[in-house]
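Let's have the full structure, built from the sequences with the hints guiding it.
Residue 521 in UniProt numbering is what sits at position 521 of the sequence shown, and the numbering runs on without skipping anything.
Be a bit skeptical, because a hint or two may be false.
What the hints assert, rightly or not - Simulated crosslink set (EDC-like; lysine to aspartate or glutamate; CA at most 16 Å straight-line): (1) Lys-792 <-> Asp-334; (2) Lys-249 <-> Asp-624; (3) Lys-292 <-> Asp-275; (4) Lys-420 <-> Asp-460.
Hints are computed from structural coordinates only; laboratory data are not their basis.
Everything numeric in this text was worked out from a predicted model, so none of it was measured.
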Amino acid sequence: MPFNHHEHTLAAHELTFVPLNLDKHIDIIQPWFQMDYAHFWGMQNMTVDETRQFYADHIAKQELQVFIGYHQQQPSVVLEVYDPNTTELKDLYPVQAGDVGMHFFTAPCQTPIKGFTLAWMRKTLQFLFEERKSTRIVVEPDIHNDKIHQLNLAVGFTYTNAITLSNKTAMLAFCLPLNFYASLNRNPDQPTPYAEQARVLIQHCKEQTTMTQQNHSPTTPNSPTAAIDVAEHLTPDVWQKVNRHLVCKAIAEFSHEQLFSPEAITEPDARGWADYRLATNNDNKYYQFRAKHMALRHWRLDKASISCIDNQQPMPLDALEFIIDFKDTLAIPDDKLPIYLDEISSTLYGAAYKEVNALFDSKALADADYQQIEAAMTEGHPGFVANNGRIGFNAFDFRQYAPETGQAFQLVWIAVKKAKAVYGCVPEMDYNQLIEQDLGAEQILAFKQRLSDLRLDPQDFIFMPVHPWQWYNKINIVFAADIANQHIVSLGTTKDLYRAQQSIRTYFNISDSSKHYVKTSLSILNMGFMRGLSPYYMEGTPKINAYLDDLINQDAELNRYGFTILREVAAAGYRNHYFEKACTNDSPSKKMLSALWRESPMSRLNEGESLMSMTALLHVDRNDQSLLVELMRRSNLNPSVWIEQYLKAFLQPLLHCFYAYDLVFMPHGENLILIMENHVPSRVIMKDIAEESAILNKDTDIPDDIARLAIEMPEDYKILGIFIDVFDGYFRHMSHILEENNVMIEDEFWRLVANTAIEYQEEHPQFKDKFQSRNIFAKDFAHSCLNRLQLKNNLQMVNIADPASSFIMVDPLPNPLAPFAPSRKAQSVATEAID
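Printed below as a string of structure tokens:
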């Protein structure tokens, strides 16, 4: 029967647990399980005797420990505690020492008490963490049990993915003591950023219950509504908004690269704004907009002002039509135009999804965790117009594997013949140590048994992870001969769950964040490249990382900045001898099966610090609110001080690497991880080392086996690693955001950048000759254009081995640091509000 709990504030000491007494308690709790709300408990049809026998059997087999919670001397709660290793869960996630599973059920009551269930849930977790000494609590609530999801989120559970159990489809969730105790300081009625993300994840999993996390790459609908669901974000209003955004970006970036020359049709006003017209090849059609010029030939457009006029009639903005209107001006080769249009359409498709499914605004992101921020980024590369092509993914693949969906998936593991493979690792690690860390002894034994069952010698093979899309769409077909001849053997999946990062072919382990990132070949076309990994580079990749890591660790200045890299500690690749014979030149067909393992950044954190992709500093949410501005507000620092600290953490280490070692990276936002303290960057971590680092001096004395790290670069091009990649590729957009939000005029921003460079030069007079020959205060610098590369050849933008040969240059860009050169250092430009 229902109990009548008196209303008063619940205190933890009033709530107690006692072990289940089969004789005393079953008659009390069995009626609870017959209530309508108890259908998720799964015992509605059991009699008293059957209920007693159920618990007696499970307790006798040590499969359950059962407790009754008392409040005011009345039984109020049933708590079941179990070891996940004794259940189906052991095959669905990597169980850790200290994991405890639990089920929780509250009694019906005639007079509900506000906060009663939450108080009991908190007591339960306190009981398990403090008295039972659990280190992590695991729950698997029915996917449709929304009330328990809400309760779990209120006490700090983190949801990962849907799982299929014998009796239900469930959500898998975990709670750590740290998250639980943090939840006690929050208002349970105030949704957290993570709770909002989890609710969207749960809803998505509900809609995709037939598409489990079992590594298929579905190409056909698995439910009657699947064909509708994949297009639900494509609505007229959303489509209009994302097209306006992309047309705005296209006008700005193509004008920046001097592909367009908009004509001013009014004089600039006092703030520099004027009206412009952009003519098409059709005399009756043009685009009109309001804009102002900024440093670095940057065009700041008023997005709302853009209009398309055709035969004197306003037309909806259409990014695909826009590209066709200017296809001759853009000089896209005829055979590349359809591919570029595909990339534009895919970029719009992804933008529409992000517009509809954005979980966090910038205020929420300021306090979000590393992976929440990673999935929330919307713009992609700030300069490229077609920056989210993913050509090769279908609509289901997008939902499963695109970074912005935040979905978890398992990697496919294969065994490959050593005779046809390459493997390399850093000096302190060998192959056995690597797979022991990432797979564990039990999984390794299972994989070896799989090979033995096929009468193959495990000693002849190495294990490699493969992206599920790559396995089903490429490896099974292209490498069919190798599979048939047992040179490649599928081993299935492991329990670990991964999420794609912004770079799409790098995956973060969400089951155990201390484990390595994994990066694999993924043969989709994205932003000018087929995203393969060369097996010929894999053996040398860890050696390059080890060399640069040693160089950085031994440099006192870089240590002072706190600058580090995430090493790629191991790599493996498999060679397809058919394509090696057929393709004498570089070809994506020879880069389909490689993988590397990169360190996790989690161990780099100290207390009070958090991680954030540097992409986040350019993030603007769907309400046009800047995350950078929100971080500044939260820090309580003057914006100039905030920027100074950021530049010291980011720019000065890059300058030192460049001037001291001729060493450059690819320091765009996605390749940098910021370590944040009190919403301010304190230091940075560089990643993607082997593919996107170079020593710009072919004569550098380095070991032969990493000789590809040193490249030939014309002397006057060397500083473009700072000018183009940092100033033009990143700071240009940051300055736009600061001015647009009335935080800082652009001259003040560039003065701060100049001061950072001056400070570095004053502290390092030993490089004065290089400061003169590679003058960061030069009046202008060569403008190497990114979109022009993609428009010319969207299949292979750059020759990685000789990037300078691929550069497309236009008129030099005026250097915004020139007015602040030390010899004529201008007075500080006042930070002033902008109308």
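Against the structure, the hints come out as follows:
| no. | hint | in the structure |
| --- | --- | --- |
| 1 | Lys-792 <-> Asp-334 | holds, 10 Å |
| 2 | Lys-249 <-> Asp-624 | holds, 14 Å |
| 3 | Lys-292 <-> Asp-275 | holds, 9 Å |
| 4 | Lys-420 <-> Asp-460 | holds, 10 Å |
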